[in-house]
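Enquirer: The chain contents come next:
2 protein chains.
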Amino acid sequence: MAEVKYEITKNLGVLSENAKGWIKELNLVSWNDRAPKYDIREWSPEHDRMGKGITLTQEELAELKSLLNNIDL
Amino acid sequence: MAEVKYEITKNLGVLSENAKGWIKELNLVSWNDRAPKYDIREWSPEHDRMGKGITLTQEELAELKSLLNNIDL
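Listed in order, the protein sequences are those of chains A and B. Quick note, the working numbering runs 86 ahead of the 1-based positions in the first sequence. Quick note, the working numbering runs 86 ahead of the 1-based positions in the second sequence.
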């Protein structure tokens, strides 16, 4: 199985934590030594295993921020 | 292969579109007839195929909104 090299370069905040201790976070993550991208994803408590998530560019995150500021939450 | 039943109950906005026409969107999506959850995901142009994404509760999305309003983008 191919290996994905990643590094969490900056933790920007926690969205939630589930009963097993997995944490849904917003991070800046560098994949395969490339420039870091924004990333919303679940991580194991030690950050050594990753769950499902999505990577976003700065432009996409800015658009998301704009959308969220027009939604009642 | 098991089937996942889903319905986009509300389109809340587009984050980006790639060269192949796939669109990254914020939606409310009902999975297997359950109550809709917020969902950030890539979709094919016709919304008949889905890519990677993440599902968020209202509380998680509110937390994300709060985080984004404290980040310079």
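Because the hints were derived from the structure by calculation, they are not lab data. Computed from a predicted structure; not experimentally measured. Treat the hints with caution; some may be incorrect.
Because identical chains share one entry, a pair is satisfied inside a single copy or across any pair of copies.
Below 30 Å or equal to it, Euclidean Cα-Cα: the simulated DSS-like pairs (lysine-lysine) are [unchecked claim]:
{"hint": "1", "residue 1": "K106", "residue 2": "K138"}
{"hint": "2", "residue 1": "K91", "residue 2": "K106"}
{"hint": "3", "residue 1": "K138", "residue 2": "K96"}
{"hint": "4", "residue 1": "K106", "residue 2": "K123"}
Enquirer: If the cut is 30 Å between Cα atoms, do K106 and K123 qualify within a copy, between copies, both or neither?
Expert: Cα proximity of K106 and K123: in one copy and across copies (27 Å, 21 Å).
Enquirer: How would you label the pair K91, K106 (within, between, both, or neither) given a Cα cut-off of 30 Å?
Expert: Result: close both inside a copy and across copies, 25 Å intra and 26 Å inter.
Enquirer: How do K106 and K138 come out at 30 Å by Cα distance, when the copy is not named: within, between, both, or neither?
Expert: both (15 Å within a copy, 23 Å between copies)
Enquirer: Within a copy, between copies, both or neither: where do K138 and K96 come within 30 Å Cα-Cα?
Expert: both (19 Å within a copy, 22 Å between copies)
Going through the hint list in order, the structure satisfies each hint without exception.
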